[in-house]
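Engineer: Hey, can you piece these two chains together into the complex? The hints should help.
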Amino acid sequence: ISRPLCATRLAYHLPCNSWNSCFCGSDLETQLAAARKKASDALPGSSWSPFEANPNLPPERADIVIVGGGVVGWSIAYWLKQKERVREGVRVLVVEKDLTYSQASTVLSAGGIRQQFSLPENIHLSLASAHFMRNINEHLGVLNEDPVDLQFNHSGYLFLATEKAAHIMEENYSTQRKAGAEVSLLSPDQLRGKFPWINTDGVALASYGLQNEGWFDPWTLLNAFRRKAISMGAIQCCGEVTDFKYTTKRILTSNGDEMDLRRIKSVKVQLPGSLQYQPVECAIVVNAAGASSARLTEMLGVGYGGDAAGTQLPVEPRKRYVYVVHCPDGPGLDTPFVIDYSGVYFRREGLGGNYIAGTSPEEGEEPDASNLEVDHQFFEDKVWPSLAHRVPAFEKLKVTSAWAGFYDYNTFDQNAIIGTHPLVTNMYFATGFSGHGLQHAPAAGRSVAELILDGNFTTLDLSGLDFRRILAREPMLERNIV
Amino acid sequence: MSAAFMSLRRCCQRSALLAVAKRPWSSSPAPSPPLHTRFLLFLAQRFYDVEMLLSWGHRQKRMAIHRRNAYYGYTKNLYGADIAAAFYVLSLKGGFRYVGQSEWFRADRRGKFNWDFLNHKDTLLEEVNMSHTVINSGGLGNLEGQTSLRTLSLRGCPEVDDWFLAGLHVFQDSLKELDISHCPRITVGGLAALRNLKGLRRLDVSSLPKVSSPGLVVLLLEEMLPQCQIVATGYDHSLGQFGGGEVEGQRENESRRSEEKTPRTVLQLTAASENCRGKMGSYNKDTCIFW
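Protein chains in written order, with full-length UniProt numbering: chain A, 1 to 482; chain B, 1 to 291.
Check each hint, because a few of them may be wrong.
Claimed, not checked - Anything over 12 Å on all C-beta distances counts as not near chain B; from chain A, calculated:
| no. | residue |
| --- | --- |
| 1 | M299 |
| 2 | G332 |
| 3 | L471 |
| 4 | E478 |
Unchecked claim - Pairs of lysine to aspartate or glutamate residues, derived as EDC-like cross-links and limited to a Cα-Cα distance of at most 16 Å, are as follows:
| no. | chain 1 | residue 1 | chain 2 | residue 2 |
| --- | --- | --- | --- | --- |
| 5 | A | K83 | A | D454 |
| 6 | B | K76 | B | D108 |
| 7 | A | K268 | A | D243 |
| 8 | A | K245 | A | E281 |
| 9 | B | K198 | B | E223 |
| 10 | A | K268 | A | E240 |
| 11 | A | K194 | B | D173 |
| 12 | A | K245 | A | D260 |
| 13 | A | K164 | A | D201 |
| 14 | A | K396 | A | D329 |
| 15 | A | K398 | A | E349 |
| 16 | B | K61 | A | D454 |
| 17 | A | K194 | B | E223 |
| 18 | B | K210 | A | D146 |
| 19 | B | K210 | A | D149 |
Said to hold, decoys possible - Examples of chain A residues toward chain B, derived with CB under 10 Å:
| no. | residue |
| --- | --- |
| 20 | E88 |
| 21 | N137 |
| 22 | S155 |
| 23 | G193 |
It should be emphasised that the hints constitute simulated quantities derived from the structure, not laboratory data.
For each residue, glycine too, the CB sits at the ideal point set by N, CA and C.
One chain only, chain B, in its complex shape (with noise of 0.2 Å):
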């Protein structure tokens, strides 16, 4: 570290002269050039200074992102290991359920919150929407205690990765739907982590860039999780570009999977449809199951 603010000094020092004494830019008569050509020469002389800044600034944007996560020690000494569960949600910008009661807790877009959540003391969480949150699989250890958690949903969680679906095993009783959509950093190796929850009914895994293969990856999705409704929209499926790519057309993809699938993929992938348009935090759990 010591070197880094040795080399930041000397790079101080050095802009310093540059300010006050204009030095000839070239020995040659020619004109010197203008001043964001020569802005950027006296950048690339001083590479390894440039490196440095830069790593530096993604360095603490990832410290940022860990300190958001971290572990609510204290809240969990204070008012237990529920409300330190619930607060970090809020804090995270997150939505929650209690168990038994309907209302729920969200945090709105510039982080504020109602605090009456911490009337229910001791109550577990029993719905959670961390869609298009920083959550990572540190932060999953705030929700660790919840044995109770039945819904998940990590829409667009741009931390999320495999190593977060494999920790997910600690609700593998509980479980029961599960929304991974549009995560970039999900892949095929987290996903067989997935076979461990095996209280899942309701699994969305639509749009993930990083999956390959994406109609092979549902049929095994399928055999892995037998009782299991798969949602994958989002992805083009069609030939002539080696299957993969992304597209955002949900109906005409669905209509066209229909047609190779057998009769109980067809079932689940209309009912998977319907079942889309419905919002958050108004399903019915028990019409969840289709075979």
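Bound conformation, chain A alone (with noise of 0.2 Å):
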């Protein structure tokens, strides 16, 4: 910087603008300039204020809340936007607590998809899913940005099942083949002229997804979706929900029974480290919040009293553990993500040999769900015997790497719970997947957005997925593994 010429320019100039360096002019006319500049700033006309507003905050008042960020929230975001019929319609604020999403189940899932379900309302999402997927830049291709490439590899599932299972994997084709979806079933002896490196012992019949099944990455797609409905409009705030503010009504039932009727005022939205909250007024709020939303109904204060108050959200987080192993002579391109009667399912991952592989532990033997620390034991103990019976090749492979995820658990019939609850008028479910919440996130975002803007289901009928089979205690069950 000049300084000797600043300091012959002295005489002649007037003093520099402070903002400038200060190596322009001495130090007394800097100081002048600066009290002349903190004096027109306390004169009323400036912009300057003592207090600064803290640019994280969400806005005061929001038309809805989706309390989530992951996958399933931001697909609600995204239709919520798509199906409003006038420009920034519907105010939309997505609330997540960790946008580095260390914890999330969304981009630590193994990512596939596949329409082998017993349940026809469980199909017909994963199938929705897969045709969203199909045109995915027709959706959420935003202009004058890179198209979405979600590596969707369309390898399909291969599920495998006993004697005593057959009947039921037929009767499951069955439906399966009436809602649409395209799976064929072999016998031994086609599995093994397919898949020559399969051991079928003890198989006597397999499924086999011919297509729309086969993974793809969470992270891509989830990204996609953040980025179309940011595009379009939606909110997105990084903070904790931490209480809620409510009316309560007291109502009588047929039966004669008194009952709290809530109905949700505002979200108090905490910021992450920081004691600043911020309370959002809104008219309806999503919990798409995953792993933690029954936290979310305790704060309501659902879960407690009498009957069917007394019933709380059965959703709890489970850890599941994903390993990547790398078996050099393991089954090549053409590897399905295969599930093993035992519960074992492998994947191929990338073009060098490496593989996938978990398993769900025993009802009883579930780890702790307070950390996501891998146990390796857990491999050696339950994953890799079935491993090695399945594919003799795995009987060599060296583990590479391994991560823990959360499944947001339904503890009750391990579906989704979609709908509204009966004693919250504004608070709508779109949790508790068991797992299932990426593959079926496209089509679950549409059918909330037709609930809460058309006020029911117009595409898909997904009534039976609604939180009113819990109270009647009435479990929608898959006959199927995983």
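Structural biologist: So, in structure tokens, the structure goes:
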């Protein structure tokens, strides 16, 4: 910086602006300029204020607050913005407590999509999501941005069944064909012909998906939904919902019982790592918080008290391990997502002989869900023996990496809960997917948006997945493993 | 949608104002910038309207492709599924050959074709050439009933992607030859779906720009389809560019690849180089299998 030049010019020019380098001019000049600026700021008409407003605060009012910024939450935000008739017709706020998604189920998932369920609702959800992903750039393409590349591997799912479960598999097969899924049944001989690396010991029947099944990159889908929703005007907020303000109305049911009907008036969003919070007045709250959905309903006081009010949201986090193994002599490019009847699954990852494997633990042996630490002994005890039994090439493998993620496990019947709560008038649930959230997210988001904006389901009828089945204790069980 | 019309109307009103009364560019006495700069600044102030117009333009193009690949249900009801499939192929400027016939029915560059194909009712299609057409996975539904389809050529089709390849499983018994070279949207995930085509004897995967490690992918394909001859030219396998890349030099690539590979692949590659120069339609299917 030309210090000598400034010194010579001192006598001839006005003092330099104090925002430029302080090297210009003497100390007295700069102090005078700073004092002048302070004075002009203090006078009315300047934009200076002593209080700094945190720019990360959410707006004070929003029409719909979606709690949870995972793939389900952003899918609902996208569909709400897609279905609004007027630009900025609905103000949608998505609240996510961790923008690095370090513990979110979406990004830790194995990323598979299948139509091989036994419940028609689940089959339709997966099929609709697959059709959505087929034309994903039509739906989620933003002008002048890169097109969405899901890296979808169309390798299909392969379910193996024993003698005893073969009839269930055949019934499921007919349900799936009727719903429009492209699935084929294979006998053990056909199985060996198609996949010579499989040991068909104990397998009586196999079910192989031919189309719309495979796996993809969940992070890409999440970001595609987020980018499109934000481009359409949805607002993202990094914060945690810690409280609700609600009004209670005492009503009398037909039985003569007294119930408390609650209506949420505002949501208290706490900023991360600080005491600042913002109460957001809202009309509708969507609970898409995944594994921590039950905490929200506890804040509402749902789950305490008498009969129907005493039904808590039966969703809890369950930890599941995923192991990355390397096996150079393993099955090749055509490896489907194989799910054994013992519950062990594996799929190919990339082209370098790497595979992803895991299994669901037994009911009584659930690991502790307070952290995401991986138990490597679990692989040696529960996963490897079945893997090596099913695919002899896996006797020689090496575990290169592992991670753990949470299922938002529905302890009642392991299926999604989509719909309103009978005692909280304006809270919509889209949670409890128990490991199928990613593959159902596009279609479930559309259904929830229809429920909110149209009042009822228009494309898919998911009334069977309502909260009422939990109150009536009528489980909708999946007759399929995993 | 009404939001778009409202903003367009506002835009038109404002532009009408500008045409009528030329406002001064700014209050400073500097000369107003030239017309093209003023036009660009005008557009920049109406960002959302411009964005909406451009997205409309893209959507119209996509809708046009969807309409061309629509389901030919009316033709199917009137003439039967095979004539409908034949009509679909010709409407997209492709060509086909019936089972048991030797003449090809093609549409010329302007889309005109001979209507003689109507004379052959209820004859299945044996060979279909849809190279450089806009066929997509929706249009594949028009060809679904063709259980005798032996050859399908999709060279250079811009809309053929992985979902299309997954949908080819309907031809798993009959399809013997598949040419998907130069298709810009195909990736490894779609090539994995070709495992269902158990009758496939010749597969052409040359010059696929989205396949990142072509040498490895071709090896894995050969493992996956042991009875199929894989043709993969147009890739640059030199290590200096981390493999990948596209080069339009066929012969030197093939000779380089043949040095490293096993004898079986050498035979396949030399046979491939000979058959590559053959034309569609003049094949003898029996000589296609090489061991």
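Engineer: Hinted pair, alpha-carbon criterion (16 Å max): K245 (chain A), E281 (chain A). Please report holds or violated.
Structural biologist: This hinted pair holds, its Cα atoms lying about 9 Å apart.
Engineer: Hint check: K194 (chain A) vs E223 (chain B), CA-CA at most 16 Å. Holds or violated?
Structural biologist: At roughly 12 Å apart (the allowed maximum being 16 Å), E223 (chain B) and K194 (chain A) satisfy the hint.
Engineer: Straight-line Cα separation of K268 (chain A) and E240 (chain A) no greater than 16 Å?
Structural biologist: This hinted pair holds, its Cα atoms lying about 8 Å apart.
Engineer: Would the hint on E88 (chain A) stand, with a C-beta cut-off of 10 Å toward chain B?
Structural biologist: Holds, because the Cβ-Cβ distance from E88 (chain A) to chain B comes to roughly 8 Å (cut-off 10 Å).
Engineer: Given the hint that K396 (chain A) pairs with D329 (chain A), does the C-alpha gap stay at or below 16 Å?
Structural biologist: Roughly 8 Å between the alpha carbons, so the hint for K396 (chain A) and D329 (chain A) holds.
Engineer: Starting from K398 (chain A), check that the Cα of E349 (chain A) is at most 16 Å away, please.
Structural biologist: At roughly 14 Å apart (the allowed maximum being 16 Å), E349 (chain A) and K398 (chain A) satisfy the hint.
Engineer: Double-check G193 (chain A) for me: the hint is only fine if its C-beta lies closer than 10 Å to a C-beta in chain B.
Structural biologist: With a minimum Cβ separation of about 9 Å from chain B (threshold 10 Å), the hint on G193 (chain A) holds.
Engineer: Would you mind confirming whether the straight-line C-alpha gap from K164 (chain A) to D201 (chain A) stays at or under 16 Å?
Structural biologist: 14 Å, holds
Engineer: Hint check: K210 (chain B) vs D146 (chain A), CA-CA at most 16 Å. Holds or violated?
Structural biologist: 15 Å, holds
Engineer: Given the hinted pair K245 (chain A) and D260 (chain A), is their alpha-carbon gap at most 16 Å?
Structural biologist: Satisfied, since the Cα-Cα distance of roughly 15 Å is no more than 16 Å.
Engineer: Beyond 12 Å on every Cβ pair: is that true for G332 (chain A) relative to chain B?
Structural biologist: Contrary to the label, G332 (chain A) does not stay out of reach of chain B, its closest Cβ about 5 Å off (not over 12 Å).
Engineer: Report holds if the minimum CB distance from E478 (chain A) to chain B is greater than 12 Å, and violated otherwise.
Structural biologist: At roughly 25 Å from the nearest Cβ of chain B, E478 (chain A) sits farther out than 12 Å, so the non-interface label holds.
In this structure, the earlier hints numbered 2, 6, 16 are contradicted, and the remaining ones agree with it.
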